[in-house]
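Trainee: Below are the chains, spelled out letter by letter.
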Amino acid sequence: MKLSRFNLVSLTLGLAFLYLPIVILVVYSFNDSRLVTVWGGWSLRWYREFFQDQPMLDAAWMSLRVALTSATAAAVLGTLAAVALSRAGHFRGRTLFSGMLYAPLVMPEVITGLSLLLLFVAISAERGFWTVVVAHTTLTMCFVAVVVQSRLHALDRSIEEAAMDLGCSPVEAFLRATVPLIWPAIAAGWMLAFALSLDDLVIASFTTGPGSTTLPIRIYSEVRLGVKPEINAICTLIIAAVTVLIVVASLAAKLSKTQADNAAPM
Amino acid sequence: MSGRRIFTKPARLAAVAPYVWMLLFFLVPFGFVVKIGLSHTAIAQPPYTPVFDLAAGWAALKAAFGALSLDNFRLIFGDDLYLLSYLRSLTVAAVSTAILLLIGYPIAFAMARLPRGWQPLAMMLVIVPFWTSFLIRIYAWINILQHDGLLNQLLLALHIVSKPVVWLSTDTAMYIGLVYSYLPFMVLPLYATLAKLPHSLSEAAADLGASPRQAFWLVTFPLSLPGIGAGVLLCFIPIVGEFVIPDLLAGSTSPMIGQTLWLEFFTNRDWPVASALAVLLLGVLLLPLLIYERAQRRQLEGRS
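Protein sequence lines, in the order shown, are assigned to chains A and B.
In terms of numbering that gives the first Met the number 0, the first sequence opens at residue 0 and continues consecutively.
In terms of numbering that gives the first Met the number 0, the second sequence opens at residue 0 and continues consecutively.
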């Protein structure tokens, strides 16, 4: 297959459109000038400024804790949901179950956030760290379920059956034969949940209480007041962290793939 | 195989925890939205008076159903502001989804035509910006689009314009932001569908005398319709409820429904009206979902 010139141009322009704004942002985070658009030479001053901005650091720490907790809960619940959807056959309430798992993927965040807040108010739960964790887990476990389920569908069932023929109980067969094979998907799901939680502004705004602000909420209130070079620095740090995460993830996926290929030479 | 049947039981047990979780934190909250949408506004904490109180038991519930208040819904239908918000949301979502399809299709098509070894890399390149915070991506555009931003500097340097153009706080800026943020949601499902189509189909069309253009419109395009449906749905529905992008990039002339809801909730603290708005928004969004579901079912039936 040869790419036609039209294909090549659309692909190049598309990727340029996706990356140019981010590249500009990163470059300008090293700008010494206080004015965001005037180039004043390379400098790290906005990074220093960020590391002295205590409220911003607190928000970042809060976001990190919420993302770690909710991504872990979402990975467990989402994997269980994926197992149920792909291995349990038909059971009562299955349609409702899968409906509930797919709905948050497309539901506007304002509705999800609003409904959770009304629930928390109704049961008079104090809003803060845990309400945000619950909200993020609910949203992100659906993404984990989709990722893990697609891996489970692609998996050869005969491996599980062979394990059971060799005397494993179904649970043992799952834990010892299936889980190692779907591990990269669970890890990918965890990271997706982590990134989504770190990124979320709308649902966190509804479910957080006074005194527990997440990083996106803080950035949002700063951005509304105007562009500040410090924000460029924070954004660049986040982009760098995400890039490292993705590189590690793809290396891990490649590793587990070669391992699987070595284990089952065809 | 007996193994399959043995396996279903533990798998069903696996459903219990996520099932209960989703019931508690996804379905039940909607009950509260409906309930508060039917309540009256109050200046209190929480700012509404319940029309019925679950704690009071069954008798209270029955009494309350007799006196359910539709006032909030009447208010919404009686006020042009709300209807205009819904209309603007639907228009903005339709326009940006159309632009997304126009831009996304060629990109996905080109990705699917790449040599097999290059495709994972191309997919990764499309996904990486999606992993980057959307707030950051919008912020990046504010950097570019503001009054003395790079776009105006570039246009001035090239003598295309003689004085800075106002980009920020316009619909153009909002559409740029929306298209930019949702592009991966359009490209990925399209690519997934297009990559699965065997090349032999378009080759066969060419052998039968079709020009490349005919082969595309008669063979490839119709077969990619499921991907188009998924992409359109994944973009259209969230954009209707979008709040942050129009808030940061669009002017303040007429808000989208997500902004109106946010305003009613956080600024006016009118929780009942905000809830009623959410219920109606959900109703509006159910329609495209049902159309998509029907189309998909028809296709499945057609295949078997």
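It is worth saying that the hints were derived from the structure and are not from the lab.
Hints may contain errors.
What the hints assert, rightly or not - The calculated SDA-like cross-link candidates involving lysine to any residue, where the alpha carbons are at most 25 Å apart (straight line), are:
1. B:K8 <-> A:L95
2. A:K227 <-> A:L12
3. B:K8 <-> A:L12
4. A:K253 <-> B:K195
5. B:K8 <-> A:P54
6. A:K227 <-> A:A239
7. B:K195 <-> A:A239
8. B:K8 <-> A:K253
9. B:K195 <-> B:Q295
10. A:K227 <-> B:D147
To be verified - Pair ranges (Cβ atoms, derived):
11. A:H152 <-> B:L196: 36 to 46 Å
12. A:V243 <-> B:L286: 39 to 49 Å
13. B:D70 <-> A:F128: 20 to 30 Å
14. B:H158 <-> A:V22: 22 to 32 Å
15. A:L19 <-> B:Q118: 14 to 24 Å
16. B:I126 <-> A:R4: 21 to 31 Å
To be verified - If you want the footprint, here are the derived chain B segments under chain A, 3+ residues with CB under 8 Å:
17. 13-24
18. 193-205
Glycine included, every Cβ here is placed at the ideal spot set by N, Cα and C.
Trainee: All the hints need checking, so say for each whether the structure fits it.
Mentor: How the hints compare with the structure:
1. B:K8 <-> A:L95: Roughly 19 Å separates the two Cα atoms, so the pair holds.
2. A:K227 <-> A:L12: Since the Cα atoms of K227 of chain A and L12 of chain A sit roughly 29 Å apart, the hinted pair is violated (cutoff 25 Å).
3. B:K8 <-> A:L12: violated, 51 Å
4. A:K253 <-> B:K195: Holds, at roughly 22 Å.
5. B:K8 <-> A:P54: violated, 50 Å
6. A:K227 <-> A:A239: holds, 19 Å
7. B:K195 <-> A:A239: violated, 33 Å
8. B:K8 <-> A:K253: Status violated; Cα separation ~33 Å.
9. B:K195 <-> B:Q295: With Cα atoms ~17 Å apart, K195 of chain B and Q295 of chain B stay inside 25 Å; holds.
10. A:K227 <-> B:D147: Holds - the C-alpha atoms of D147 of chain B and K227 of chain A are around 14 Å apart, at most 25 Å.
11. A:H152 <-> B:L196: 36 to 46 Å: violated, 20 Å
12. A:V243 <-> B:L286: 39 to 49 Å: holds, 43 Å
13. B:D70 <-> A:F128: 20 to 30 Å: violated, 37 Å
14. B:H158 <-> A:V22: 22 to 32 Å: Because 25 Å falls inside the window, the suggested range holds.
15. A:L19 <-> B:Q118: 14 to 24 Å: holds, 23 Å
16. B:I126 <-> A:R4: 21 to 31 Å: holds, 26 Å
17. 13-24: Per the Cβ count (9), the hint holds.
18. 193-205: Not satisfied, violated; 1 residues make the cut.
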